[in-house]
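Student: One letter stands for each residue in the lines below.
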Amino acid sequence: MVPLADAGELTTIRTQGENVMTTLKTTPLHAAHQRAGAKLVDFAGWEMPLHYGSQMEEHKRVRESAGMFDVSHMQVVDIHGPQAQAFLRYLLANDVAKLKTEGRALYSCMLNESGGVIDDLIIYWTGGASYRAVVNAATAEGDIAHMQKVAQDFDATVAPRPEFALIAIQGPQAVEKTLPLLPPDLRSAGDLKPFSAVWNDKWFVARTGYTGEDGFEVMLPAEEADGLWEKLKDAGVHPIGLGARDTLRLEAGMNLYGTDMDDQTNPLTANLGWTIALKDADRDFIGRKPIEQSKAEGVKEHMVGLVLDGRGVLRGGTRIETEAGDGVVTSGSFSPSLGVSVAFARIPAGVEAEELHADIRGRKLPVRVVKPVFVRNGEPQIELKS
Amino acid sequence: MSEAPKDLKYTKSHEWVRSEADGSVTVGITDHAQELLGDLVFVEAPEAGSSIEAGSACATVESVKAASDIYAPISGEVTEINEELADSPEKVNESPFEDGWLFKVQPSDAGELDALMDADAYAAHVEAES
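Those sequence lines, one after another, are chains D and P. Under the numbering used here, the first sequence is numbered contiguously, ending at residue 386. Under the numbering used here, the second sequence is numbered contiguously, ending at residue 130.
Think of the hints as simulated: they come from the structure by calculation, not from any bench. Bear in mind that the values here come from a model prediction, so they are computed numbers and not experimental data. Yeah, the Cβ is synthetic: ideal placement off N, Cα and C, and Gly gets one too. Mixed in with the good hints there might be a few duds.
What the hints assert, rightly or not - Straight-line alpha carbon distances no greater than 27 Å define the calculated DSS-like cross-link-like pairs of lysine-lysine that follow:
hint, chain 1, residue 1, chain 2, residue 2
1, D, K60, P, K91
2, D, K385, P, K91
3, D, K100, D, K193
4, D, K39, P, K12
What the hints assert, rightly or not - Partial chain P-side listing against chain D, Cβ under 10 Å, derived:
hint, residue
5, G38
6, E44
7, K65
8, A67
Extracted from the complex, chain P is given alone in its bound form (with noise of 0.2 Å):
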C-alpha cells in the first residue's frame, strides 16, 4: 500500500489537496497515482489566473504509458502552478506529496473540502478499487 499523509484530503480521482496557512489549497496527485502512471514526461497545468471548477478536467499528465487527466477537487481560481515539472516531471515520481505539487487554488467555497476523503477513507477506496 502506498502512501496517504493523514493532513490531506484526497479525491476518488487520485488527486490531493492540502489547506495552506493563507487560505489556499496546493494540489496533486498522490503516490498511487503516480505508481499506476510510471514515469512522467509531461505536465499541462491550468494557467495561474484561470478559473476552475470542482470535477471538471483541469490539466493533463503524460507518463511514457498514458495520458491522463487531473480533475479539479474544488472550485476556485488558479493562483501559482508548479514551474519547476516543465523541466523536471519526474517529480511528481519522486516526491508526489510534496515538491511534486501541481498547482495551488484559492477556493470560491472553501465548504466543499468538506466533501472529500480523509487519508483513511482514500486508502480504502484505492483498496476497494485494486
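Just chain D, same shape as in the assembly (with noise of 0.2 Å):
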C-alpha cells in the first residue's frame, strides 16, 4: 500500500511522525483535540486535528446536526483609522463601501499588481472608522506584512489580533445549540442575517462559515475557548476535524487558498469574478488594471464543476480532456454526502460540451460538467444518476 495521490487539498499537511513536532504552532484547543483523540497534522505550520476517528462520519454529522471546528489558526486583524475604509478600498478588489450596516461583512479577495491573489479573506465593518478581517493561517505573515505596508500611505493602522480563538459551529443544528451558550448579551446572534455579527468587548458572533450550512463562527479569549467547546460538547455538538472541513467545503462550492487559487492566479480563472467590484469606474484598487485588460480581452481559462457518476476519485491535479485542450482538477474529492466524485477544475474558455474525460491513472472516465455548487443547506444542488 503505497499511496498515489494525496488530496490535493491537503498536499501541506504531513503526517505527525514525518515532522519535528516542535516546530509546530498550537491553538487554545491543543488539549482539548488530544482529549478527543484527535489524529494531529502539521498544517501550514500549526499542529491541527486532521479527524477524530472517521472523516466521513464528520462529514455527515455537520450535514444532519451540527459540528465545531477549531479553527483559530486563521489570523484576526483589526484595521482602524479615519481612512480605514479609502485604505481597504484600495487594498480589496472587492468594495468595501457596500457594507451599509454596522456588522455586516463581504467576502474579498486581496490582490497583488498583476491581478494574482494574495489571498481571500472575510472583511467586517465594525462601525465607524473600524473594520475586521478574518485571513488563511498559511497566508498570515505575509497577508499582514502586506496589509501594513499598503497602509503606510494611509490615515490607518492594522493590527493582528493573536489573541483570540476562533471556533466555528456549522450545521442545520448549530444555531439552537450554540445560542445557550453565548453570552446573554449576544444572544441576538440568533436573528442575524448571514454574514453579519454581534459582539461585546471579549467575544464577537458571526453567522459565517466553509460549510454551506447555517451556523457561527465564534472568536473569544483563548483563556475562553476550551470551556466553550467543552459546553458545545456536552449540548451534543462534534468535533470536526480539516479533513471534513476540506470535503464540506468542496460540496459547497467553496474555494480553497493555496489550491484552487494562489499569488499566480486571474480570479476570473476561479469562479471569483463575482468577488471583485468594478462598477465604481472611480476606484481604484490594486489588481484592478490587470483584471480589466483581461476582461476586456477574455479570459483563456475558467473554472467549472465536474461529477463522475462512475467509479474513482477526482483529486488536485487529475487531467481533463477537452476538444480544445487540457484542463486540470484544482480540488476533488469522494463526495460523503452524494456518493461520488465531485471536483472543481480548470479548463480552457469555450468548452461547451456537457461530458469531458478525466484521465485516472490511465482510465478515460467520462465526467459531468455542473454549476461548481455541489450541496447547500443539506440539499444536493446537482442532479443524481444512481
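Dock chain one against chain two, each of which comes alone in its own frame, and use the hints as you go.
Tutor: Here's what the structure looks like:
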C-alpha cells in the first residue's frame, strides 16, 4: 500500500511522524484535541486535527446535525483609522463601501499588482472607522506585512489580534445548540442574517462559515475557548477535523486558497469574478488594471464543477480532456453527501461540452460538467444518477 | 500501535496474507494501512481468474484522502474477490483482517510465503517507518 496521490487540498499536511513536533504552533484548543483522540497533522505550521476517528462521519454530522471546528489558526486583523475605508477600498478587490450596516461582512480577494490572489478573506465593518478581517493561516504573515505596507500611505492602522481563539459551529442544529452558550448580551446572534456579526468587548459572533450550512463563527479570548468547546460537546456538537472541513467546503462550492487559487491565479479563472467590484469606475484598487484588461481580452480558461458518476475519485491535479485542450482539477474528492466524486476544474474557456473525460491513472472516465456548487443546506444542488 | 494478528504474514507495503486450509491464501490490508488511508470509498480488486505476480500492483483502494496501490504479496491466480466491498468499502476500515479481506489467490509457488514477515517483524517495520 503506497499512496499514489494525496488529496490536493491537503498537500501541506504531513503526518505527525515525519515532522519535528517542536516547530509546530498550537491553538488554545490543542489539549482538547488530544483529549478527543484527534489525528494531529501539520497544517501550515500549526498542529491541527485532521479527524477524530472518521472524516466521513464527521462530514455527515455537519450536514445532518452540528459540528464544531477549531479554526484558531486563522488570523484576526483589526483595521482602524480615519482612512480605514479608503485604505480597504484600495487594498481589496471587493468594495467595503457596500457595507452599509454595522456588523455586515463581505468576502474579498486581496490581489497583487499583477492581479494574482494574495489571499481571500472576510472583512466586517465594526462601525465608525473600524473593520475586522479574518485571513488564512498559511498566508497570514505575508498578508499582514502587505497590509501594513500598503497602509503606510493612509491614515489607518493594521493590528493583528493573535489573542483570539476561533471556533466555527456549523450544521442545521448549530444555531440552536450554540445560542444558549453565548454571553447573554450576544444571544441576538440568533436573529443575524448571513454575513453579519454581533460582539461585546470580548466575544465576536458571526453568521458565517465554510461548509454551506447555517452556523456561527465565534471569536473569543483564548482562555475561554476550552470552556466553550466542552460545553458545545456536552450539547451534542461533535468536533470536526480539517479533513471534513475540506470535503464540506468543496461540496459547498467554496474555493480553498493555495489549491484553487494563489498569487499566480487570475481570479476570473477561479470562479471569483463575482467578488471583484468594478462598478465604481473611480475606485482604484491593487490589481484592478490587469483584471480589467483580462476581462476586455477575455480569459482563456475558467472554473467548472465536475461530477464523476462512475467509480473513482477526482483529485487535485487530475487531467481533464476537452476538445480545446487539457484542463486540470484544482480540488477534487469523494463527496460523502452525494456518494460520488466531485471536483472543481480549470478548463479552456468556450468548451461547451456537457461531458468531458478525466484521466485517472491512465483510464479515461466520463465526467459531467456542472455549476461548481454541489450541496447547500443539506440539499444536493446537482442531479444524481444512481 | 495497531493490531497485527500473529497467524498472518505481512508485506512491507502493508498487505496481510492468511493461509487457508485448501491451500489458497486470503489477502487484505493491515489495520495500520487502513488507519493511514482513512475512510475507504472504492476498492478495485483484480478480476477473479486473473494472474498476479508477487510485488506488482494488482489492485487499488481509494479513500476520501488518497488512492493507493495494493501490491500482490504472492504470485498466483485470483480465485475470488470480496464482492461485498463494492457496496461497503468501509468494511476494510471496520474489520481489516476479517470482513474487509480483498481477494483470494491460489499460489503458484507457496514457497513465496516464506519471504513474508511475521507479525513481530511487521510490527517492528511499522515502528521504524513512523
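Student: Could you work out which of the previously given hints the structure breaks and list their numbers from low to high?
Tutor: Structure breaks no hint.
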